[in-house]
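Colleague: Take a look at the letters that make up each chain.
Protein chains: 2
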Amino acid sequence: MNIDYIAIGNELLNGKISDLNGLFLAKNVGKNRLKLRKIHIVPDQESEIFMAINEAFENSDVIVLSGGLGPTLDDITKPTLAKYFSKKLVEKTEHLELIRKIYQEKNRDYDTNHYHYHRVPEDFALLFNNVGYAPGLYYQNKSKQIFSLPGIPAEFQTMFSKEVLPLIKTSNSKFSKNITFKTWKIPESKIFKQVDPDLWSNLNSIGEVASLPHTYGVDIGVTIEGETENDLQIKEKKIMDILNSSKVSDSIYYIGNESLEEIIIQKAIEKNITFGFTESCTGGLLASRITDISGCSSVFWGSITAYDNSVKQNVLGVKEKTLIEHGAVSKETAFEMAYGARKQLGVDIVVSTTGIAGPGGGSKEKPVGTIGIGISSSEDTTSELYQFKGNRLSLKKRFSDYALFLLLEKINSLPAGH
Amino acid sequence: MNIDYIAIGNELLNGKISDLNGLFLAKNVGKNRLKLRKIHIVPDQESEIFMAINEAFENSDVIVLSGGLGPTLDDITKPTLAKYFSKKLVEKTEHLELIRKIYQEKNRDYDTNHYHYHRVPEDFALLFNNVGYAPGLYYQNKSKQIFSLPGIPAEFQTMFSKEVLPLIKTSNSKFSKNITFKTWKIPESKIFKQVDPDLWSNLNSIGEVASLPHTYGVDIGVTIEGETENDLQIKEKKIMDILNSSKVSDSIYYIGNESLEEIIIQKAIEKNITFGFTESCTGGLLASRITDISGCSSVFWGSITAYDNSVKQNVLGVKEKTLIEHGAVSKETAFEMAYGARKQLGVDIVVSTTGIAGPGGGSKEKPVGTIGIGISSSEDTTSELYQFKGNRLSLKKRFSDYALFLLLEKINSLPAGH
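These protein sequence lines are chains R and G, in that order. Sequential numbering from 1 applies to the first sequence in this note's numbering. Sequential numbering from 1 applies to the second sequence in this note's numbering.
Hints were generated in silico from the structure; no laboratory data involved. For each residue, glycine too, the CB sits at the ideal point set by N, CA and C. Be aware that one or more of the hints could be misleading.
[Said to hold, decoys possible] Cross-link-like lysine-lysine pairs, in silico, DSS-like; alpha carbons within 25 Å at most:
(1) LYS389/R <-> LYS331/R
(2) LYS101/G <-> LYS389/R
(3) LYS16/R <-> LYS35/G
(4) LYS343/R <-> LYS101/G
[Stated by the list, open to error] Cβ-Cβ distance ranges computed for the label pairs, FRET-style:
(5) PHE85/G <-> GLN233/R: 43 to 49 Å
(6) ASN28/G <-> LYS247/R: 54 to 60 Å
(7) ASP250/R <-> LYS177/G: 30 to 36 Å
Produce the complete structure using the sequences and hints provided.
Modeller: What follows is the structure in structure tokens.
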């Protein structure tokens with residue numbers, strides 16, 4: 001079954017905020033045997049919303065809209081849906097019970113004079129919102145299901161999981177599975193042109209292949225389908241046989257759909273290894289990416305963001321001499337940061353970053369994109385300079401990708417029960 | 001002039017990665033008097049790409065595509081564009097010069113047997129890529145301009161700024177300006193229903209009004225247009241008059257399009273105040289949000305992410321007694337974290353966070369969404385418990401929104417030249 005997602009809001013197209021709900025749907029609908037066919041991001045404008053609903057109606061079974069349900073006058077989703085489906089906007093007393101429940105949960109009264117949440121297109125049902133105030137809308141038309149939810153991510157995501165998913169009628173006739181193997185240290189073009197030129201077509205004869213390059217390697221995914229669970233198992237075995245006989249197998253560091261952050265936490269828990277960071281140019285992003293993952297607290301203990309040199313000296317013990325002779329962006333400073341932070345945090349491994357994210361601060365010798373990364377463990381402390389390209393935000397991302405990759409390598413290389 | 005943006009890639013719809021280029025365009029095209037009409041996110045599938053181009057062609061002057069230009073077989077953008085415009089895919093020797101230049105910049109040779117970057121739809125021009133390897137494509141058809149760029153954000157964003165923008169012919173017949181005033185401490189519904197029920201219609205008589213609620217307040221934007229610069233100035237003055245005579249003016253903390261992070265850095269620089277953080281539940285996100293802003297280094301010195309209690313004790317000096325008696329998530333712990341981190345970091349203000357982002361760790365007394373926030377300055381140290389709703393990622397965002405809001409309040413309240 002296909003889903004079309006339509007995000008509505010001028011603020012999504014003028015750069016004020018980015019849509020986070022599309023990514024949430026993309027991550028979550030697959031588990032429920034649904035396929036996100038297309039994401040539309042459109043302004044608060046009737047004609048644009050009509051065009052998107054038209055296309056969604058022709059190509060998908062389920063349409064999920066977000067945004068435009070709030071109390072202000074630019075929130076036009078309700079009248080637009082009413083007009084699209086030729087329904088009147090009506091005030092229904094049977095809706096008041098659900099709306100009063102939403103307000104009571106937040107210890108507030110619903111004032112029918114001030115608010116219009118009970119005014120909805122005729123024949124539409126309301127969906128409960130236990131995070132915010134605006135209820136969602138649900139309507140079924142010619143076997144198509146239409147859901148309209150508030151755009152605020154906390155509200156959208158909770159309501160999609162709790163209210164929408166149980167209402168979607170999935171067809172269970174087919175089984176499908178995605179098998180992703182993650183490779184590192186070889187660029188995408190080399191894998192399919194030099195390491196194993198037959199790999200793509202071999203895999204593609206079993207399922208649909210997709211390739212996703214990263215700063216640290218390439219994820220290769222194969223989606224297989226079958227009429228029975230047994231069909232899937234046979235196809236999965238064929239894929240494993242292809243991999244095992246391919247030269248690419250030496251470069252595979254993980255098989256599964258987990259993110260780099262999740263793999264790091266999983267391996268660290270398995271080996272009972274604690275870790276932390278000290279960050280200059282990545283500025284907290286490494287720690288934030290790790291703490292996005294629930295369950296990280298047993299192995300991730302902390303991080304020291306040392307943006308100013310005084311913090312590098314006073315908290316981490318980086319020597320003034322090192323900063324003067326080699327500069328803050330150097331493998332020498334990266335070394336002392338990692339070493340000092342490991343003593344402070346009391347963890348098994350610390351990875352340090354000190355680099356130039358730009359746009360200013362670069363020189364001919366050390367251009368924007370230069371980074372020193374250090375790794376300290378009870379075994380040893382090492383550090384190296386690397387170069388990346390990009391603007392400030394993409395460099396922060398690439399720097400942190402590469403530092404996490406080096407952390408995973410280090411965790412893999414250490415003995416268990418550290 | 002309208003732009004349609006079409007992001008192509010299965011990985012954008014199955015949750016592997018999120019599209020970052022749409023937000024980049026949304027933030028940047030406005031400055032160049034272009035309007036982003038719609039963002040389409042579609043899979044690597046010819047029929048879906050055709051449908052999106054059709055709609056874009058009918059409604060916009062410029063079409064920007066991203067993704068699907070790489071060396072693997074699921075990269076179908078080139079053959080799809082060729083088919084759409086009924087062009088042959090041809091190998092042109094005149095393209096080799098530009099491609100060899102791309103490779104030479106990275107000290108590599110271009111092998112015409114292994115790579116197919118010089119194979120492009122007839123009549124399409126190539127665009128230089130100084131970050132990665134795949135060149136972009138450019139084609140003009142019936143006064144419409146089509147650009148196809150690599151999807152990797154560092155490549156897309158650099159190429160859009162350096163190669164695409166100079167090629168877009170903007171019409172300069174009209175002037176437009178967005179005026180945004182940022183309010184805090186009053187919910188969106190109250191502003192327009194109770195504080196000033198005429199505000200929306202008054203503003204809307206001058207320009208297009210949009211309202212964007214945040215964790216800490218509401219941004220209200222008005223976009224005005226005019227045939228001359230003088231028209232704009234007259235309209236801007238009218239808007240300021242409406243604001244000055246409105247009760248809402250007491251709640252305005254900033255007029256302008258800058259983000260909360262940018263406002264904090266600007267005010268801290270003006271007042272010569274340094275600051276830092278110590279983070280438990282926000283896990284580095286506060287520091288990362290501030291270091292996203294170029295120029296932060298003069299006032300932001302660092303942050304200590306103290307996820308494990310041992311780090312709270314050993315690095316920040318939080319007392320074991322406090323952790324046992326009140327728990328890690330308490331205003332007492334938030335107080336000691338902020339105080340201890342200020343001594344460690346040597347800054348004027350430290351904001352601390354210690355809360356429960358979930359999904360685990362909540363209790364009846366302190367449910368998921370509870371956070372202690374402390375603020376320490378040379379004047380005093382205070383702390384308070386707050387409650388928010390949401391899932392792990394949206395709570396991290398809300399927690400950090402609110403902590404930044406409290407930081408800005410503190411910076412505003414301190415005397416200058418601190």
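Colleague: Next pair to validate is LYS16/R with LYS35/G; report whether the Cα-Cα distance is within 25 Å.
Modeller: 14 Å, holds
Colleague: For PHE85/G and GLN233/R, compare the CB-CB distance with the range 43 to 49 Å and indicate the outcome.
Modeller: 44 Å, holds
Colleague: Do the alpha carbons of LYS389/R and LYS331/R lie within 25 Å of each other, as the hint requires?
Modeller: Satisfied, since the Cα-Cα distance of roughly 19 Å is no more than 25 Å.
Colleague: Could you see if the CB distance from ASP250/R to LYS177/G stays within 30 to 36 Å?
Modeller: 58 Å, violated
Colleague: Mind checking the alpha carbons of LYS343/R and LYS101/G for me, to see if they're no more than 25 Å apart?
Modeller: 48 Å, violated
Colleague: Holds or violated: LYS101/G with LYS389/R, Cα cutoff 25 Å?
Modeller: 17 Å, holds
Colleague: Quick check: does the Cβ-Cβ distance between ASN28/G and LYS247/R fall within 54 to 60 Å?
Modeller: Since the Cβ atoms of ASN28/G and LYS247/R sit about 43 Å apart, the hinted range of 54 to 60 Å is violated.
Consistency note: the structure conflicts with the earlier hints numbered 4, 6 and 7.
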